[in-house]
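A.B. asks: Next come the chains, spelled out residue by residue.
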Amino acid sequence: MKALYFAWVRERIGLAEEDIAPPGEVVTVRQLIDWLSARGEGYAAAFANPATIRAAVDKIHAAPDAPIVAAREIAFFPPMTGG
Amino acid sequence: MKALYFAWVRERIGLAEEDIAPPGEVVTVRQLIDWLSARGEGYAAAFANPATIRAAVDKIHAAPDAPIVAAREIAFFPPMTGG
Amino acid sequence: MTQRTAPSVRVQAENFDPGREQALLTHGRRNIGALVSFVGLCRDEDGSLESLELEHYPGMAEAEIARVADQALERWPLQGLTVIHRFGRIRPGEQIVLVLTAARRRADAFAAAEFLMDYLKTRAPFWKKERRADGAPDDWVEARFEDDDAMARWR
Amino acid sequence: MTQRTAPSVRVQAENFDPGREQALLTHGRRNIGALVSFVGLCRDEDGSLESLELEHYPGMAEAEIARVADQALERWPLQGLTVIHRFGRIRPGEQIVLVLTAARRRADAFAAAEFLMDYLKTRAPFWKKERRADGAPDDWVEARFEDDDAMARWR
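Protein chains in written order, with the numbering used here: chain A, 113 to 195; chain B, 113 to 195; chain C, 34 to 188; chain D, 34 to 188.
By construction, these hints were calculated from the structure, which means they are not laboratory data.
None of the values given here were measured: they were computed from a predicted structure.
Don't be surprised by glycine CBs; every beta carbon is placed ideally from N, CA and C.
There may be inaccurate statements among the hints.
What the hints assert, rightly or not - Residues from chain D that face chain A, not an exhaustive set, calculated with beta carbons under 8 Å:
1) Ala39
2) Val42
3) Phe49
4) Gly52
5) Arg53
6) Ala56
7) Leu57
8) Leu58
9) Ala99
10) Arg124
11) Gln128
12) Val130
Claimed, not checked - Cβ pair distances, simulated, as ranges:
13) Arg53(D) to Glu78(C): 21 to 29 Å
14) Glu130(B) to Pro110(C): 54 to 62 Å
15) Ala157(A) to Arg62(C): 38 to 46 Å
16) Ala175(B) to Ala169(D): 36 to 44 Å
17) Ala140(D) to Ala157(A): 29 to 37 Å
18) Ile132(B) to Arg137(D): 40 to 48 Å
19) Asp50(D) to Ala160(A): 42 to 50 Å
20) Ala150(A) to Arg137(D): 51 to 59 Å
21) Gly92(D) to Ala160(A): 26 to 34 Å
22) Arg43(D) to Lys114(A): 19 to 27 Å
23) Arg137(C) to Ala133(A): 26 to 34 Å
24) Asp146(B) to Arg188(C): 58 to 66 Å
25) Ala140(D) to Pro110(C): 43 to 51 Å
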């Protein structure tokens with residue numbers, strides 16, 4: 113699946129997007145965050161405070177316990193500040 | 113003093129404005145309405161239902177018990193329907 | 034507020050251009066975060082209306098709108114305020130009234146614009162007469178109770 | 034409602050013309066009584082801001098605004114609805130977002146416009162970064178708690 117990162121999540125990880133292949137036991141957004149956090153310092157810094165992280169699965173807002181198994185695209189970003 | 117009439121008050125009375133000289137005992141808007149009502153059929157028709165009559169004294173909305181003694185211009189009209 | 038905002042109030046027969054009024058209000062400004070515009074239009078869904086004739090009380094109309102504008106400026110921190118109300122003959126689809134409010138925050142701009150419209154509807158000395166397309170006698174529009182209710186919520 | 038209103042949703046780098054959008058929405062219509070426009074602008078009162086850089090999530094931004102627009106159309110009887118949100122570099126005084134709502138009655142147009150802005154602020158995937166005039170490091174704008182409160186009132 114594809115992972116997208118926006119705003120300071122993107123800056124801390126140092127990537128706008130990448131292909132990821134989490135193991136089979138990673139089935140929710142929250143578990144994916146934990147798995148990504150272990151990939152390196154930038155990831156750990158980006159996901160250090162889960163309360164400030166929002167996620168979207170296939171371009172729809174997703175809660176931490178939302179399933180990711182069938183997802184093609186998962187995005188992580190800070191709370192929105194548009195408008 | 114000058115009396116002004118608007119909308120169907122004007123149409124029923126048949127005048128847009130006129131000079132009036134009510135007697136000294138006519139000191140409030142309500143008393144002026146009663147005095148005008150006695151001037152003829154058109155006036156009586158215009159003021160038949162006081163609940164639908166609004167008044168302004170010198171271009172400021174005035175309640176039925178507002179004083180008229182110092183007024184230069186008194187206007188009568190139905191509830192407003194602008195906007 | 035460091036300086037008092039001067040409202041622009043106009044009562045006129047001519048049509049107005051909402052885009053131009055918005056540009057005038059915001060031009061060269063860096064302190065406006067939110068601009069709310071309300072346009073009231075002459076509506077006629079069933080084709081029965083030929084036109085509206087808007088009668089007004091010259092002098093009082095301008096003064097009353099200015100008083101309502103001053104109340105809005107006292108209640109909300111506005112950076113700009115424009116009110117235009119037309120009189121005379123107005124056909125279906127045409128514009129009748131414009132209220133523009135500019136503020137730092139959108140909640141203030143929205144609240145002030147709603148307040149102004151609610152007050153204008155019930156306090157500005159304008160009266161609408163409907164001219165029917167089928168030639169039936171002209172009829173004065175009756176005041177709506179909902180408008181009084183809408184105004185009451187600001188007390 | 035006899036026919037479903039189709040919202041117009043655009044996410045673009047280019048500026049927009051509120052007057053033109055209003056004219057497009059109302060042109061030739063006789064069933065619109067109230068048109069509310071909200072414009073959000075880039076504000077900078079103390080001269081410290083050089084520009085905003087608005088990042089967005091292409092595809093999701095359009096889809097999320099369309100979902101919010103559909104919710105507004107379900108809740109209020111609207112005759113027309115336009116939302117434009119810009120991305121990219123925006124300087125103080127420039128326009129960021131436009132919401133237009135057209136309805137028979139003004140209360141519906143006002144409520145729908147406020148609802149749309151409250152939802153856009155907290156759900157549309159846009160992020161603002163501030164570029165400082167004095168060359169200090171760029172900084173991401175933090176989400177405001179008031180915006181969450183503003184959204185919560187529509188539940």
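A.B. asks: Are the hints correct? Go through all of them and say.
C.D. replies: These are the hints, each one checked on the structure:
Look at Ala39(D): its Cβ only gets to about 21 Å from chain A, farther than 8 Å, so that hint breaks. Given the 8 Å rule on beta carbons, the hint for Val42(D) is violated: about 13 Å separates it from the nearest Cβ of chain A. Interface restraint check for Phe49(D): the shortest CB-CB distance to chain A comes to about 15 Å, outside 8 Å, so the restraint is violated. Of the supplied interface hints, the one on Gly52(D) is violated, with its beta-carbon coming no nearer than about 21 Å to a beta-carbon of chain A, more than 8 Å.
Because the closest C-beta pair between Arg53(D) and chain A is about 21 Å apart, greater than 8 Å, the hint is violated. Interface restraint check: Ala56(D) against chain A, minimum CB-CB distance 24 Å, threshold 8 Å, status violated. About 22 Å separates the beta-carbon of Leu57(D) from the nearest beta-carbon of chain A, more than 8 Å, and the hint is not met. The interface hint given for Leu58(D) is broken, as the beta carbon of that residue sits about 20 Å from the closest beta carbon of chain A, more than 8 Å.
Look at Ala99(D): its Cβ only gets to about 11 Å from chain A, farther than 8 Å, so that hint breaks. Against a cut-off of 8 Å between C-beta atoms, the interface hint on Arg124(D) is violated, since the closest Cβ of chain A lies about 17 Å away. Hint status for Gln128(D) relative to chain A: violated, with the closest Cβ pair at about 12 Å, above 8 Å. The criterion of a C-beta within 8 Å of any C-beta in chain A is met by Val130(D), whose closest approach is roughly 5 Å, and the hint holds.
The beta-carbon spacing between Arg53(D) and Glu78(C), approximately 25 Å, falls within the hinted interval of 21 to 29 Å. Checked against the hint of 54 to 62 Å, the pair Glu130(B) and Pro110(C) fails, with Cβ atoms roughly 46 Å apart. Remark: the range hint 38 to 46 Å for Ala157(A) to Arg62(C) is upheld by a beta-carbon distance near 39 Å. Checked against the hint of 36 to 44 Å, the C-beta distance between Ala175(B) and Ala169(D) comes to roughly 60 Å, which is inconsistent with it.
With their beta carbons about 48 Å apart, Ala140(D) and Ala157(A) fall outside the hinted range of 29 to 37 Å. The supplied range of 40 to 48 Å is met by Ile132(B) and Arg137(D), whose beta-carbon atoms lie about 42 Å from each other. Asp50(D) and Ala160(A) have their C-beta atoms about 43 Å apart, which keeps the hinted 42 to 50 Å range intact. Separated by about 57 Å at the C-beta atoms, Ala150(A) and Arg137(D) satisfy the suggested range of 51 to 59 Å.
A hinted range of 26 to 34 Å holds for the C-beta pair Gly92(D) and Ala160(A), which are about 28 Å apart. At about 25 Å, the beta-carbon gap between Arg43(D) and Lys114(A) stays in the expected band of 19 to 27 Å. Between Arg137(C) and Ala133(A) the Cβ separation comes to about 48 Å, which falls outside the hinted range of 26 to 34 Å. Range check, Asp146(B) to Arg188(C): about 30 Å between beta-carbon atoms, so the 58 to 66 Å window is missed.
Between Ala140(D) and Pro110(C), the C-beta spacing of about 24 Å breaks the proposed range 43 to 51 Å.
Checked against the numbered hints above, the structure violates hints 1, 2, 3, 4, 5, 6, 7, 8, 9, 10, 11, 14, 16, 17, 23, 24 and 25; every other hint is satisfied.
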